[in-house]
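Peer 1: Chains as they are written, first to last, in the working numbering: chain L, 1 to 338; chain P, 1 to 258.
To be clear, the hints were calculated from the coordinates, so they are not data collected in a lab.
Owing to the predicted nature of the structure, the values given are computational and were not obtained by experimental measurement.
Keep in mind that the hints are not guaranteed to be accurate.
Stated by the list, open to error - Dumping the calculated SDA-like pairs for lysine to any residue here, alpha-carbon to alpha-carbon at most 25 Å:
#1 P:Lys8 - P:Arg125
#2 P:Lys174 - P:Ser131
#3 P:Lys253 - L:Asp322
#4 P:Lys82 - P:Asp188
#5 P:Lys253 - L:Ala173
#6 P:Lys82 - P:Leu118
#7 P:Lys8 - P:Ser131
#8 P:Lys8 - L:Asp322
#9 P:Lys170 - P:Thr180
#10 P:Lys8 - L:Leu168
#11 P:Lys174 - P:Ala133
#12 P:Lys123 - P:Pro34
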Amino acid sequence: MASIRHFPATHPLPDWRNLGVMLRALLGINLLAALGALMSAPALADWPARCLEAAALVEPALLLTLALLYLVRDLLRRLPVRLGQASVLLLAGGVTGGLALVAVDFYWLFGHAVSRMVVLAMLMSACLLGYFELRARVFSPAQTEARLAALNARIRPHFLFNSLNAVLSLIRARPQQAEAALESLSDLFRAAMGDPAARVTVADEVALSRQYLELEHLRLGERLTVDWQIDPDSLCQEIPPLMLQPLLENAVYHGIEPRPEGGVVSVRITADRDQLQLAIANPLGAGPVGHAPGNQMALANIRERLALYYDLEARLEIDQDDQHYEVRIYLPCHRKPY
Amino acid sequence: MSPETVLKVLIVDDEPLARERLRTLLGDLAVQLPSTVVGEAANGLQALAVLREQAVDVILADIRMPGMDGIELAGHLGSMPKPPAVIFTTAYDNYAVQAFDLNALDYLLKPVRAQRLLTALQKVRQSPPPSAALLGEIGQQVRGGGRSHLACHERGRLLLVPVPEILYLKADLKYVVAHTRERDYLLDDTLTHLEAEFPERFIRLHRAVLVARDALAGVERAADDDAEAYGWALLRDLPDRLPISRRQWGPVKAVLQG
């Protein structure tokens, strides 16, 4: 199943090019080294010195191993899981042994035998691989997909029933407009109930968002104005589905509906060399009438989905003052599935 | 209401198509229940303006609207000599539906069915209108805050004072007076009630005075022999000085510093 490969956390052998994985490996190994230092330290006061010593031994091998893993990621993924894991162990052991032999004087200085270093490196790597395997079980593809499906299918009932009401009043007077509205509504729900693991392009998501906004326009009329600023380079970028539409729904619900005079929702999509940025802004300050609850849910929802799709490589930021509210999502560019 | 009379209906909804839909349904029901739509409004404020010019039997009002919502609109009707009946509508609103069900108030779910609208129109005159106090309570629950406007009756006319424009409120004998930059208004509410309804907006200075937090410019201690007040509050936009009681001195200073 092709889609499984999209989620960084669901394979027992992690994606060595993912920032989150690298960070976890660095932290994990250093933590083990610190633990080892504690065990070998005669007194607690000696621990910091032992830690430094251990770090000096561990770091070069660790960094080199990670760099090599970065290079051979695709190769490892093609092997059976156990063989892949064994290769990682051998690589870690090999790098450590190699470094120790090259810098033999440096290592003997600390009084460590090469064989001991190799065994230690392989044991530490085994611990790390065990952690990644457990983590993959927690985020099993089936669970991840179910979770994503549940997260995706969250179009506000408020919007659905108001739209249906609008369409009903169009049917007699303006049947063609009613047809178009129902078609848009159906596209929107197809997207919401579609394959959550599929990747769409920015162009697809923008098209869907336009359909959604047309429906809102039907209801709100001139109160809703949308300002699109889309960098043409961003249109072919791949993103997970429904990244934009829920944020627009939020912007309309919290920024436009509570204001009698309406306002402008602005959408800005830019792409530079390695980062794609989606920004949605809406006015605030509606006085006492507002939709108090519900805002945090949609944002928490998108945050969770970003974590499932990208681990640590994507982030969501919120800017807010008395008058304006802006949500920005940063995604890695050119992220090809491995 | 005799069967021959034509029911005068006012439709209030911020969405034009939702109003159109109700108008169509009333047309469909004309045989069973003759009615005429005497006006449309996009929120409670506009609806009250229509009511000043026009006699209305029934208002169909959306619960949530910007400017002034349907619940607040219904609350302002109580003071009219012959208030129209109100039927509430909502498309989907968990908070409102819960609050209405809890208090056994009727409402129509959008999209509205013709039959359901007919029943509601037929029985709306039989049940007594909900009290202003109940509407105030439900309004607070649904919108999570106080009203947008306070009512002031002047020579038989209803004036609406936007809450954000009120700088301070002062109790004089039987009445509460709201002071804005332009003028003063006699209100029907009590100070205690207003303090409870707008805790975010007003702070008590004195037994008889509430002030808008953002209108407060500073405070100064009164002379020791001043029997009237422990301190005085200065306002941003008015030259008026307001008395602060000994008890409120601490909390008021905290607001200025916070």
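Peer 1: For each hint, tell me whether it holds in the structure or not.
Peer 2: Hint check results:
1. P:Lys8 - P:Arg125: Satisfied, since the Cα-Cα distance of roughly 13 Å is no more than 25 Å.
2. P:Lys174 - P:Ser131: 22 Å, holds
3. P:Lys253 - L:Asp322: 24 Å, holds
4. P:Lys82 - P:Asp188: 18 Å, holds
5. P:Lys253 - L:Ala173: This hinted pair is violated, its Cα atoms lying about 61 Å apart.
6. P:Lys82 - P:Leu118: Holds, at about 22 Å.
7. P:Lys8 - P:Ser131: 23 Å, holds
8. P:Lys8 - L:Asp322: Violated - the C-alpha atoms of Asp322 (chain L) and Lys8 (chain P) are around 42 Å apart, more than 25 Å.
9. P:Lys170 - P:Thr180: Holds, because 12 Å separates the two Cα atoms, which is no more than 25 Å.
10. P:Lys8 - L:Leu168: 24 Å, holds
11. P:Lys174 - P:Ala133: 19 Å, holds
12. P:Lys123 - P:Pro34: 15 Å, holds
Of the numbered hints listed earlier, those contradicted by the structure are 5 and 8.
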